[in-house]
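Undergrad: Chains as they are written, first to last, in the numbering used here: chain A, 4 to 520; chain B, -18 to 284.
Don't read these hints as lab results, they were simulated from the structure. Keep in mind that this is a model prediction, so the values were computed, not measured. Possibly wrong hints are sitting among the right ones.
Stated by the list, open to error - Only part of the chain B face toward chain A is listed, based on derived beta-carbon distances under 10 angstroms: (1) E42; (2) Q91; (3) T92; (4) D114; (5) L243; (6) Y258.
Stated by the list, open to error - Per label pair, the in silico range of CB-to-CB distance: (7) G333(A) / G63(B): 55 to 61 angstroms; (8) K290(A) / S87(B): 28 to 34 angstroms; (9) K301(A) / G128(B): 54 to 60 angstroms; (10) G451(A) / V245(B): 51 to 57 angstroms; (11) Q436(A) / V245(B): 55 to 61 angstroms; (12) R286(A) / G128(B): 43 to 49 angstroms; (13) V205(B) / T174(A): 38 to 44 angstroms; (14) P232(A) / V104(B): 42 to 48 angstroms; (15) I17(B) / W137(A): 55 to 61 angstroms; (16) S260(B) / T394(A): 23 to 29 angstroms; (17) L124(B) / G333(A): 29 to 35 angstroms; (18) E405(A) / Y90(B): 43 to 49 angstroms; (19) S407(A) / W151(B): 38 to 44 angstroms; (20) P232(A) / D137(B): 22 to 28 angstroms.
Beta carbons: idealized from backbone N, C-alpha and C, even for Gly.
Each chain is listed here by its residues.
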Amino acid sequence: MNRTQRTRIAAAVALCATMAVSACGSNNSNGASNAPSASQPSDSASPSAAAATSSSSPSASPALEEVTLNWYYPQPSAQADQAAIEEAFNKITLEKLNAKVNLHPIDFGDYEQKMNTIFAAGASDVDLVWTSNWSFVYSKNAEKGAFLSLGGLLDQYGKDIKASMPDFVWTDVTLDGNIYAVPSYQVAAKRAGLVVQKRFADKYNLDVSSIKKLADFEPFFEELKKNEPDIVPFAINNNFMISELYGIVQSGSYAYYKDDPSLKLFTIYESPEYKDHIELDRRWYEKGYLNKDAATIKDRATLIGTGNAAASIDVTMKPGGEAEAKKQFGGNDVIFVPLTEAEFTGVQPTMNAVSRTSANPDRAMMLLNLINTDSELYNLISFGIEGKHYTKIGDNTIRLIEGSGYSPLTNWVFGNIMNGFLLEGRPADTFEQTKALNESAKVRATFGFNPLLDDVKTEVAGVKAVEEQYIRMLAVGVVAPDKVLPEFISKLKKAGSDKILAEEQKQLDEWLKTSKK
Amino acid sequence: MKQEWKLFRKNGALFTLSLPGILYLFVIAYLPMAGIIVAFKDYRYDLGIFGSRWIGFKNFEFLFVSESAFVITRNTVLYNLGYMLIGTAASLAVALLLNEIAGRLSRFYQTVMFLPHFLSWVVVGYIAYAFLDAQSGFANQALQALGLPPVDWYFDSRYWPYILNPVHLWKSIGFSALVYYAGILGIDPDYYEAARIDGANRLQMALRITLPMLLPLVSILLIVSTGHMFRGDFGLHYFIPNNSGLLYGATDVIDTYVYRALRVIGDFGMSSAVGLYQSIVGLGLVLAANYTVRKLNPDNSLW
């Protein structure tokens, strides 16, 4: 909420105000002019679109008039060759869909804020927008009316995507009976655990099979601390409680015990298990297992990237993920030490939605269909241009060219990852493993339950502010739990955590009644 | 009406000059005023500003029921008072000194002091980090060189009032000193000539002529800055303390608290409510300050 942002919001509001006034007058005519143009091409478009994707015959496209689509999505950092990628991307989309696509990548850190502002300002030029359950949140924005319901569009122009993903994918993105986004199919299950550098695991004989919980790492860290003075045994920068290890299922602000059939919710920070965990954090901090600056660094990637961190946490552990983790660990080989069973997490972590304001929703859906089925287009935006940004080293495996101008490494943003290449070092059966994992993962009892907390938003804001103040410093061990934890809990209660919990419990009980039928 | 028209005719050129500024203010500050209504609504994209549900003062609640309400208000007001007083005193002193050293050197000093004004708080935050980092920061290395124990700057809130004030001064002094310096240059040289003939020395001229002549400017700038009394400087209070939870007692201001509370929920109604609250209190303070100044000396007041 800094000043520029507030001015921006103010400007946005001004725009809204003027637009709302003018929209009152023009809405009707707009709707009228939109309706035919939307239905007109649809008669001719559906066969031609199907033709375009199945046979990709160029003669089919002239039936569609040329349109421009705008696609907003996040990226880790600006890519030097973005313009070249966009040009190549447009060559394909113009040929197959007669659509010019303006790509609008936004850095992850700014994504949520920028999209909020763009939508507050009316989102007039947004056709496609990336959304998720962790940034520019899907359920919240769908509820606020940001997205178009895709039901009909999917049946008409998205048949290929619909068929390409298992049914549970579509169940997962259904809100109040409507589908508002097309998920990018990837691993939909997670296992939490530690990533450990292989050279240290080998040197100090880390017996992976004997490790069941975090505390089992202590002897290993002790050895590291003693013998490797320049190495940080365990690199963190925020809370790393793995609640499943304590038999707790946690989601947002509420938690419950896995084996509790009545699903009684509680605030995790008040549980004895949380206390145990932060006492372990404190012990590790005092013994010097953790990086000293854990409370103030923004991310741990820099530290890990130097190769000077022996281990870190990973909460997804996707199949074949060691190849990427190796890159993150400064090129050192790593092993995954999973501590939990695979749990189904759904497909909400990455999706693309059509904006309610899109002038060409049918074409936007065709683009989604294309990028989820056309490997050429998908690989282009995911990995760049062959020879310039990557080289092929196998049938479907590529090696990235070091220091090239395009390597966002976010293929999961754009579409179904099984539609694309594999990175070097990943086993050839990664996609089969992923599918198998998705289908075998355990589904939690409250899967699909999304409480709406609008009525207690005052309390939610207060609790968030308290959480942001305490969670991190308790998690990284810089304060003594016996003194600070009671203070934290009492502030949570004063901010209204119990009221939120009661609201969630009420909604959960209702949800259970209706979903069990 | 006729009189006003006459006034307008007479100063036509000046009014034309001010036109871009007036237009700017109209578009940026007055047109959006209608949007204030969002602060009282449960805003939804598809219903729009006027269609969304009216919920009265519910959006304001979170700011006042919170435990931190007192701490953040106190910090915001005290820090702003500190910035205002220290900043004014220091930049007046610098402006006087600049006036004493004429020529190229003065321009050099101005440039050097002005430079930080252009740095973003993010950059300043990293500079501060270079000083205050527990292991390799300059501050701790200096302490150790003197044989003193190192300090965990980011974990100890005691030091922060003494860190934030100088940092703010360092970044803002170039600009405000320049304003006063320009004010000094505008003083009629005749006064100084007369004083010199009467045998006044430089110190006397500075204290008896320059300062009193600057007083109206000082008071106007002070009145304007009271309007920002309830607005914390987000960049300063977020980036310089590195958003460390241990320091909130000494560094948290309204704007950083609101950011923390709303970052995840992203509720437009609630953030507009905060903005409106700060603006209204600010307006009240400006009116009060202006009233007080007018009572003391009508010449120095803003209107």
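Undergrad: Each hint: holds or not?
TA: Hints versus structure:
1. E42: holds (4 angstroms)
2. Q91: Nearest chain A Cβ about 25 angstroms off; hint violated.
3. T92: violated (25 angstroms)
4. D114: Interface hint status for D114(B): holds (7 angstroms vs cutoff 10 angstroms).
5. L243: With a closest approach of 6 angstroms, the L243(B) hint holds.
6. Y258: violated (12 angstroms)
7. G333(A) / G63(B): 55 to 61 angstroms: The hinted range 55 to 61 angstroms is violated for G333(A) and G63(B), with Cβ atoms some 44 angstroms apart.
8. K290(A) / S87(B): 28 to 34 angstroms: violated (57 angstroms)
9. K301(A) / G128(B): 54 to 60 angstroms: violated (33 angstroms)
10. G451(A) / V245(B): 51 to 57 angstroms: violated (21 angstroms)
11. Q436(A) / V245(B): 55 to 61 angstroms: With Cβ atoms ~33 angstroms apart, the hint is violated.
12. R286(A) / G128(B): 43 to 49 angstroms: violated (32 angstroms)
13. V205(B) / T174(A): 38 to 44 angstroms: Violated: the Cβ-Cβ distance is about 58 angstroms, outside 38 to 44 angstroms.
14. P232(A) / V104(B): 42 to 48 angstroms: violated (33 angstroms)
15. I17(B) / W137(A): 55 to 61 angstroms: violated (32 angstroms)
16. S260(B) / T394(A): 23 to 29 angstroms: Check failed, 58 angstroms falls outside 23 to 29 angstroms.
17. L124(B) / G333(A): 29 to 35 angstroms: Since L124(B) and G333(A) have Cβ atoms about 32 angstroms apart, the given range 29 to 35 angstroms holds.
18. E405(A) / Y90(B): 43 to 49 angstroms: Holds: the Cβ-Cβ distance is about 47 angstroms, inside 43 to 49 angstroms.
19. S407(A) / W151(B): 38 to 44 angstroms: Between S407(A) and W151(B), where Cβ atoms are some 41 angstroms apart, the hint holds.
20. P232(A) / D137(B): 22 to 28 angstroms: holds (26 angstroms)
Hint compliance for this structure: hints 2, 3, 6, 7, 8, 9, 10, 11, 12, 13, 14, 15 and 16 are not met, and every other hint is.
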